[in-house]
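S.K.: Taken in sequence, the protein lines are chains L and C.
Position 55 (the first sequence) corresponds to 396 in our numbering; numbering is contiguous.
Position 9 (the second sequence) corresponds to 13 in our numbering; numbering is contiguous.
Treat the hints with care, since some could be wrong.
Stated by the list, open to error - Label-pair distances were calculated between CB atoms; the ranges are:
1) S35(C) x G392(L): 15 to 23 Å
2) P34(C) x E368(L): 39 to 47 Å
3) P349(L) x Q73(C): 41 to 49 Å
4) S408(L) x P121(C): 46 to 54 Å
Unchecked claim - Away from chain C, derived, C-beta distances all over 10 Å, residues of chain L:
5) T354
6) K394
7) L416
Note that these hints are calculated values from the structure, not bench results.
All values reported here derive from a predicted model rather than from experimental measurement.
Ideal Cβ placement from N, Cα and C applies to all residues, glycine included.
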Amino acid sequence: DAGITQSPRHKVTETGTPVTLRCHQTENHRYMYWYRQDPGHGLRLIHYSYGVKDTDKGEVSDGYSVSRSKTEDFLLTLESATSSQTSVYFCAISESVQGEETQYFGPGTRLLVL
Amino acid sequence: AQKITQTQPGMFVQEKEAVTLDCTYDTSDPSYGLFWYKQPSSGEMIFLIYQGSYDQQNATEGRYSLNFQKARKSANLVISASQLGDSAMYFCAMREGPGNYGQNFVFGPGTRLSVLP
Numbered sequence: 342d343a344g345i346t347q348s349p350r351h352k353v354t355e356t357g358t359p360v361t362l363r364c365h366q367t368e369n370h371r372y373m374y375w376y377r378q379d380p381g382h383g384l385r386l387i388h389y390s391y392g393v394k395d396t397d398k399g400e401v402s403d404g405y406s407v408s409r410s411k412t413e414d415f416l417l418t419l420e421s422a423t424s425s426q427t428s429v430y431f432c433a434i435s436e437s438v439q440g441e442e443t444q445y446f447g448p449g450t451r452l453l454v455l
Numbered sequence: 005a006q007k008i009t010q011t012q013p014g015m016f017v018q019e020k021e022a023v024t025l026d027c028t029y030d031t032s033d034p035s036y037g038l039f040w041y042k043q044p045s046s047g048e049m050i051f052l053i054y055q056g057s058y059d060q061q062n063a064t065e066g067r068y069s070l071n072f073q074k075a076r077k078s079a080n081l082v083i084s085a086s087q088l089g090d091s092a093m094y095f096c097a098m099r100e101g102p103g104n105y106g107q108n109f110v111f112g113p114g115t116r117l118s119v120l121p
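Next comes chain L alone, as it looks inside the complex:
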């Protein structure tokens, strides 16, 4: 499982409140990702990071910000949560070994915005 944990695993919040989700990895991977999963959409990339303080936007980045001040932690922040951000959020890492790529996911965080 590449030592990926996510916290919290479940969260209920109210519209307009800030929310921060944490992804933690223990194996010094360079690339980290945040996805959201909604019915009928598969997974959609929100933001990714290719190093400490190096991040970039994905397909659905509006309303989200990220930070990576340490290799092991990648934080996803919803500045002002909306009901449309109710989703399951997955963190992932990727690695490449001799040209073979893999991507491993954390267990996911279920977020409900009321």
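Once you have looked at the hints, place chain C on chain L.
M.R.: This is chain C only, laid out in the frame that chain L set:
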């Protein structure tokens, strides 16, 4: 335009038979990677297999193989000797870019596979 298309929302297969899950992709980038993932009802995402755009041979991983047809832009997953535990949602995904800085991943909508005893 959809970058990853999975045309089979649901599939059934008899236990011990082989099954092919379809995936077509769209990219103009010469360097890309193709991935398949399994998501059981418990919700975790499990990496299955990877194929690089420059790989000459089809990828294989145990009972999983990837039928890569570059000219047709297809990357079908073949599961041999299906087991009841293979019942799950299967996602095809593509990583565009050379992999050093560009790390845009796009997922398809998934195919739900049900293995019948």
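S.K.: All the hints need checking, so say for each whether the structure fits it.
M.R.: Results for each hint:
The supplied range of 15 to 23 Å is met by S35(C) and G392(L), whose beta-carbon atoms lie about 20 Å from each other. For P34(C) and E368(L), the Cβ-Cβ distance of about 30 Å falls outside the hinted range of 39 to 47 Å, so the restraint is violated. A C-beta distance of roughly 43 Å is found between P349(L) and Q73(C), which places it inside the suggested range of 41 to 49 Å. Between S408(L) and P121(C) the CB atoms are about 49 Å apart, so this pair conforms to the stated range of 46 to 54 Å.
The Cβ of T354(L) lies farther than 10 Å from every Cβ of chain C, with a closest approach of about 20 Å, so its non-interface assignment holds. No Cβ of chain C approaches the Cβ of K394(L) within 10 Å, the least distance being about 14 Å, so the stated non-interface status holds. The Cβ of L416(L) lies farther than 10 Å from every Cβ of chain C, with a closest approach of about 18 Å, so its non-interface assignment holds.
Checked against the numbered hints listed earlier, the structure breaks hint 2 alone; every other hint is satisfied.
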